[in-house]
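Spelled out, the chains give:
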Amino acid sequence: MADAAAVSHGHGTGTGLSNNKLLMWTFLGSECLLFGGLISTYLIYRSRFGDGPAPGDIFDIPFTSVSSFVLLMSSLTMVLSLSALQRGDIRNNRIWLLTTALLGALFIGGQVYEFTTFLREGLGYTTSPFSSAFFTLTGFHGVHVSLGIVMLMSLLISSFRGTLTKERSETVEIVGLYWHFVDVVWIFIFTVIYLVPSPTS
Amino acid sequence: MSTDTAEHVDTHDEAHDHPSDRKYVQVAIILAIVTALEVGTYWMESVPGEVLIPVLMLMMVYKFFYVAAWFMHLKFDSPMFTKFFVAGLILATIVYGIMLTAFEFWHKG
Amino acid sequence: MSETTANPIGVYTRPKGNTGWRDWITTVDHKKIGILYGATAMLFFLIGGLEALLIRLQLATPDGTVLGADTYNRVYTMHGVTMVFMVIMPLAAAFANYLLPLQIGARDVAFPRLNALSYWVFLFGGLFLNMAWILGDAPDGGWFAYAPNTGTIFSPGKGMDFYALGLQIMGIASLISAMNLIVTVLNMRAPGMTLFKMPVFTWMILVVQFLLLFAVPVITVALFLLMFDRNFGANFFNPEMGADPLLWQHLFWIFGHPEVYILILPSFGIISEVIPTFSRKPIFGYPFMVFSGIAIGFMGWGVWAHHMFVSGIGPISIAAFSVSTMFIAVPTGVKILNWLATMWGGKIRFNTPMLFASGVVSMFTIGGLSGVTHSLAPADTQQTDTYYIVAHFHYVIFGGALLGIFAGFYFWWPKAFGHLLNEKLGKWNFWLMLVGFNMTFGPMHILGLQGMSRRIDTYSPGFGFEFWNMFATIGAFIIGLGVLAFLLNVWVSARAARHAPPVGPDPWDARSPEWFTPNPTPVHNFDDDIQIEALDEFWHRKYGQDENGRLVRVATAEEVCQDGSATDTHLPSPSYWPIVLAAGLPFIGFGLMYSLWFCVPGGALVLMAIYGWVFEPTDDPDGPHGHGHHDDHDDDGAADEAAAEDAEEAPVG
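Protein chains in written order, with this note's numbering: chain U, 113 to 313; chain P, 22 to 130; chain F, 13 to 665.
If you're looking for bench data, these hints aren't it; they were derived computationally from the structure.
Owing to the predicted nature of the structure, the values given are computational and were not obtained by experimental measurement.
A virtual CB, placed ideally from N, CA and C, is assigned to each residue, including glycine.
A hint or two may mislead.
[Claimed, not checked] Some chain P residues well away from chain F (every beta-carbon gap over 10 Å; in silico):
id	residue
1	Arg43
2	Lys44
3	Tyr83
[Stated by the list, open to error] Partial pick of chain F residues on the chain U-facing surface, computed with a CB cut under 8 Å:
id	residue
4	Ala122
5	Phe123
6	Leu139
7	Leu198
8	Phe226
9	Val230
10	Val233
11	Phe240
12	Phe248
13	Asp256
14	Pro257
[Claimed, not checked] The calculated lysine-lysine pairs, modelled on BS3-like cross-linking and capped at a C-alpha distance of 25 Å, are:
id	chain 1	residue 1	chain 2	residue 2
15	P	Lys96	U	Lys278
16	F	Lys359	F	Lys436
17	P	Lys104	F	Lys209
18	F	Lys293	F	Lys209
19	F	Lys439	F	Lys293
20	P	Lys44	U	Lys278
21	P	Lys44	P	Lys96
22	F	Lys359	F	Lys293
Just need the whole structure built from these sequences, with the hints factored in.
Right, here's the structure in full:
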């Protein structure tokens, strides 16, 4: 009987896969249903803006494109940090982890700016079913990104404590899976919510 | 979940099969180009929705799976992970697709 | 908790004790967690049962005055919520936790601390929801909580906030446990145990975990939307602002129908272990049993709108969901036929577990058949919101799920506690429950077809409802006697066991691998790996064939069983953090309802627990059997961290 510790890297597990990675993937499968529900809610309500601003009036595509690009590139830096750690390159691992967290923070900053702009233009959380659905969907995504930043910073702290070594690269890989998932959700949101022409008033 | 993958590749060795940083950058460049194309459609106001939306969707799906395949390593990791992810995706698509149909979402265009 | 707060992060005292209450609150042993789940759920079962008796008292006579309309709404709502989320689901979790690692020959689940977290989150969620009674504002919108009836206009108190947040917290517990058990089944099986050598119970639990994995996030979304509507003035279900109340119904039932199978499949799994054992035959058509369970799991996602036939979803939706609902009867029918075929020609012993199992087969069939009548939309239109529906789902949930769980209690009691339950009291328990159950819910078919509405607190004399209502109330109290017989049995049997000889390793001549361990199961489960060659491995080691192909006993149970004497087993160390993390969640709930200041201690507890958790190795390096795989332990913690962070995110975000 292999004990729990020995199997965590995949040795002696029934599938030959690491427990931790499998856990993260089951979680990501579950998250699909969460974001699916929020996105569907938005799609049902996107034309129900009442007297408030319509999505087609208010979306700033060039601005959102830039922040989408930032998030997309953070996926690259994330994978580079993992790749560095797998080579045993602690320094580059830290640099890319930090870059990823900063790009994520930049994205969140963009979202805060977007929200405040919308608020100024008369789109509050309670304005219409559309506004509630929009803020809820993008807000949930923003919370996911923020949690990802917290995880990245925790990894960074762990690295400076000297515990994030080549042998533990799986931890970075798992946080990376979460990060890339949040990125692909945004790829979906960006196209379906922003780029597909929205109703105007 | 119906198949038994008892004798699967050892996860340790595959760390060395990971693509190089150069490859990752290439992937990112392609993603950036597709994103640029997507955003470019914003200024093409003459394109009718029946053409624009499927094209946008295709590019979105391409980006989605490109990130999943390369950055999330599904391309060279165990198919088991892909199964979990795709199961969630397919289930979400079907179930919420039916729900949107019940709300007559597709009729409004 | 003071021990934990007194220590700075990263430098803490690891719980060491193996005795007393401290052992129970820090345990990561799947067996103890299973027992905790079971005991807690039985406590909630008594509360839910009390609520049921109040409902029946109110309805015993026309113009009843026992409760009054307002309290009646709260009581039936809490009865439903309690029985679904705090009784049947955690009882199934109790069996899953206790038995699943044993059935696959594992030492524990894949993530022992996450397992403890699931339990504590469930407990605090359940307590939080029941706090609504003490604070005088229990939910009153039904367990289905249809919007906009549950909005602040029609439900102005705090009741539905308790509902939304309480279910949210318990949803976290279900999700974590689903992920954990899926990984456990896939990764922790004994050598030789392929998926198609797993016992049917393990299979059904696996299917249920997949259903939970994908269904819980849907209700999470619905509950968030409801909470935002109620607390932050969002417009998801406010028709005045152009919202569509059907959105709630769709989201709720997309979760709600898989939920029905989440409730029933564990019971199917239990009786699929009980019936072969007491018929002395292998389960008939094992692959069909497995595949029909998987098929139910898939098809359960395609039938949700049959709960909404009168909601105005349009003729095409109604036709499509009618057809899919009819189809789902097929795999269910396969299961019933397979149980019957298993019994057919077997040497049946009607011990209490077998009585309960046959009760499931017969009662669930009645519930299943009345369910098929709902698939016909025109008939359903007549039945909707009548007692016919109440009759149907009680035949399924009580007759199907709960009786099966009682079968499991009697069957596996020696596995967990080392002694049998009393057979005589067990038979009283069974017959009182069966007769009382049929007296209560059988007549509701008639009442429903006569037009008696459900959820209405009273009825006027003269519609012909009087007799059957009184009859049903008497039946409900007979069920109550049956439950008392069970509790008495637990007490009497425990007392009798002190003076009786030990039960021995194999009281039922059982078949599946959990019986390789002695009774009660030792803390380390298995002394050695078991090598699995076949389904019903335990049976095949006891019996063989002679040269004429006749069944002969080749070994005694004592020879086959392990004696539990291994002492050098390395076990995961206990931890404070699961209970600390879970304890923070109700504070966050109160914070969202009353004053955000409550979120501060709640958030602090959660954060402290997460960081304590992350920096605590899975295995205590100072433990008696520690060894040098530091990196491995820490990895485990990191994945836990990720999941724990997500657990945190739900109530906060």
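Which earlier hints can't be squared with this structure? 6 and 14
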